[in-house]
Amino acid sequence: MRQDTMMNLQTGAQRLKRVLGLLGLLAIFAAAPAHADEQNKITGLSVSEPAAGTTVLKVDLESPLGALPAGFTVNAPARIALDFPNTANGLGKSTQEFAAGDLRSANIVQAGARTRLVINLDHMMTYNTRTEGNSLLITLHPQAAGPSEAVSRFAEAATGVQQHALTGIDFHRGKNGEGRIQVNLSDPGVGIDIHRQGTKLVVDFLKSSLPKNLQRKLDVVDFATPVQSLDTFSEGNNVRMVIEPKGEWEHAAYQTDKKFIVEVKPLIEDPHKLTKGPGYTGEKLTLNFQDISVREALNVIADFTNKNMVISDSVTGNLTLRLKDVPWDQALDIILQSRGLSMRANGNVIQVAPTAEMAASEKNDLTARQEVSELEELHTESFRLGYQTASSVALMLNGISVAAPGAPAATPMPGGAAQQNTPLRILSKRGSAIADGRTNTLFVQDTASRLDDVRKLIKQIDVPAKQVLIEARVVQAHDGFAQNLGVRLGYTGAGPGPTGGNSPRLQMTGAGGIGGQALGNPASQGGIQGTTNVGTVFSPTTSNVNLPVDQVGNPQAGIFQFALFNAAASKVLNVEINAMQSDEVGKIISSPRVVSENNDSEWAVVEQGQELPYIISTVAGGTVVNTVSFKDAVLKLGVKTKITPDNNIDMTVEVKKDSAGVAISGAIPINTNKVITKVLVENGGTVVIGGVYTQNDDHVVNKVPLLGDIPILGALFRSKAVSSVKDELLVFLSPKIMQDELNLR
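The numbering of the sequence shown is my numbering, which starts it at 513 and goes up by one.
Hints are supplied without guarantee of correctness; some may be wrong.
Unchecked claim - Only pairs whose alpha carbons sit at most 20 Å apart, straight line, appear in this in silico PhoX-like list of lysine-lysine:
hint, residue 1, residue 2
1, Lys687, Lys777
2, Lys758, Lys712
3, Lys796, Lys605
4, Lys758, Lys771
5, Lys1148, Lys1083
6, Lys777, Lys758
7, Lys553, Lys605
8, Lys687, Lys758
To be verified - Beta-carbon label-pair distances, calculated as ranges:
hint, residue 1, residue 2, range
9, Gly1173, Asp743, 44 to 54 Å
10, Ala612, Glu883, 50 to 60 Å
11, Ala994, Leu730, 51 to 61 Å
12, His707, Gln675, 32 to 42 Å
No lab work stands behind these hints: they were computed from the structure. C-beta atoms are modelled at their ideal positions from N, C-alpha and C, and glycine is treated no differently.
Generate the whole structure from the sequences, applying the supplied hints.
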């Protein structure tokens, strides 16, 4: 009995020893550090403001980070994105609101083993990161004042002469219909700027080169994505990629090591969405209540949103709600409309009251403010203007509209009065403004709040006007062709004359192509001519073929002459054929340039030409008085420009190209070519604003009656002249907005 008991005790001790050994082994494993590949987790977000203007966002994690997360910024809207690899979201929610400085909220999005933290800001800020134990500290600093661009910047271009490169470009369609562009980079330090330019998306790779095989334009319409084409080319020391989408779209861009990815997604309206267009943005909730009081329903929304809500005692009544997955701000709007209520939000506090009560309260507030403004102390402030005139700004503040020089007059009303627009008065009834023209200083006296409005207005309008350089090409082309053909025919025969000897028996003369000429005496022409020695036909001065060199502007006909005579040379048939053909081609190019301000009412004019004098005779008291007047024959370019918000140029253009004509009785005609039009041209583009095309065709035939109509032989008794003149005027315009400062990009 005792031996069995001892054996049982030994067996129990051995079992207890094994159990304790296993427990110790488990304790050792439990105390061992986690494996390096174990996934990390974000456990908390908190905000602090250690100094004025500085905000620190603290990200708590389960284990320390091995390296600082990579990130990028987006200027519009202002965001900072940080990527945590091999990390999960352990907060249990995807959005957390903040109210510290310019920090508005943070979104945590998990995709696979990676989590992205997106920090939403009111204004863009600079940031730096550092680790502290199991936490990541993100310090936000205010950005230096200056003009901001709607640009997403992934990395700054490295200084020095280092040249980056693009090694590959790939495009394919995503599973949700988005266009995905992947750019392979030579190194992660390539500076990248991405921004929208009109309807296109432009990506600039700073200080980068592009191989020849990648410099091409891709047509990707067949992929059925919003992207229609993709054009990549070198631009100076940079590489530019122009993505041209179609329809409504949005884009997302991110960089992972040496890969830069741009996704262009179509915007598809949800057909199940209760509100269309600009709607509600609150988190969705579900409400299902039967005969609940309005105050209880408002308290439910206040608890859901963690907002303070003040409900008026006059809010009463019950309602029944059945709302599923509706934004909370839409649900609140539905409750208010159903019971005739209104709300006023002030920060984190929402005040709810009946509409009539709310309107009465607002009316009382406005009345009280008006009474206070009428009794408020007046202050005087001076403004030194740089670009506007103080007198015009003073009239503007007093609500007096001043028409710009050259602006059209007011449109007359049917009753005869001019149409007047109600002016906008910036100053209060007690306010006043005067201008000092010598120093261009404006003195304004008004209440403090109105002075703030005046200060904002002057800051907006007292800016330098943009300027536009307009380059014009005036091309005047001339193409002329003329052809003339005539005949001279004469006959000389021997016979008894009035004085004996040989005299002309027949001499045929005629104007134009047919005429008579005494042989050997070219100066004498007419009907019956004087005695002529037939031997002069063979005079050395007689040219059988006469084709003189033409002179510019004075065309002369070529002459072909021959004579037929008998053996005794007593009868001679003299034939002279005159033929002329001329071709003239001319082109006159003028290139005026003018700079115009961005002002739709101001003409900018450049002229170049001459003034032509002419005499005007008048009779005064029986005496003839001659006075000299002048006519202008100039090349004139006049423009009025207006720059549109999308940097196109709206122009009213007048181009005139005059030249002096041939004087007639002392009067000088002016040949005028003029174009007046209004066009819209893109910045740096070229447009043909107009053309004047004229063509004159003439066909003249001079002939001897009856003889000129004889077939074949009639050609000896007629002449013809054919001419064709073509003139064309073309005007090319190339406007370009002049930049105030050098754009390094």
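For each hint, the structure was consulted:
1. Restraint check for lysine 687 and lysine 777: satisfied, since their Cα atoms lie roughly 11 Å apart, inside the 20 Å limit.
2. About 9 Å separates the Cα atoms of lysine 758 and lysine 712, which keeps this hinted pair within 20 Å; it holds.
3. Restraint check for lysine 796 and lysine 605: the C-alpha separation of about 13 Å stays at or below 20 Å, so the hint holds.
4. Distance hint between lysine 758 and lysine 771 is unfulfilled; the C-alpha atoms sit about 25 Å from each other, more than 20 Å.
5. Straight-line distance between C-alpha atoms of lysine 1148 and lysine 1083 comes to about 67 Å, which puts the hinted pair past the 20 Å bound.
6. Between lysine 777 and lysine 758 the CA atoms are separated by roughly 11 Å; this keeps the pair inside 20 Å, and the hint holds.
7. Taking the CA atoms of lysine 553 and lysine 605, the gap is about 13 Å. The hint holds against a cut of 20 Å.
8. A distance of roughly 18 Å separates the Cα atoms of lysine 687 and lysine 758; the hinted pair therefore holds under the 20 Å criterion.
9. The given range of 44 to 54 Å is respected by glycine 1173 and aspartate 743, whose C-beta atoms sit roughly 51 Å from each other.
10. At about 38 Å, the CB distance of alanine 612 to glutamate 883 disagrees with the hint of 50 to 60 Å.
11. In this structure the hint that alanine 994 and leucine 730 lie 51 to 61 Å apart at CB holds, the actual value being about 55 Å.
12. Look at histidine 707 against glutamine 675: about 23 Å separates their beta carbons, and that is not inside 32 to 42 Å.
Consistency with the previously given hints fails for numbers 4, 5, 10 and 12, ordered from lowest to highest.
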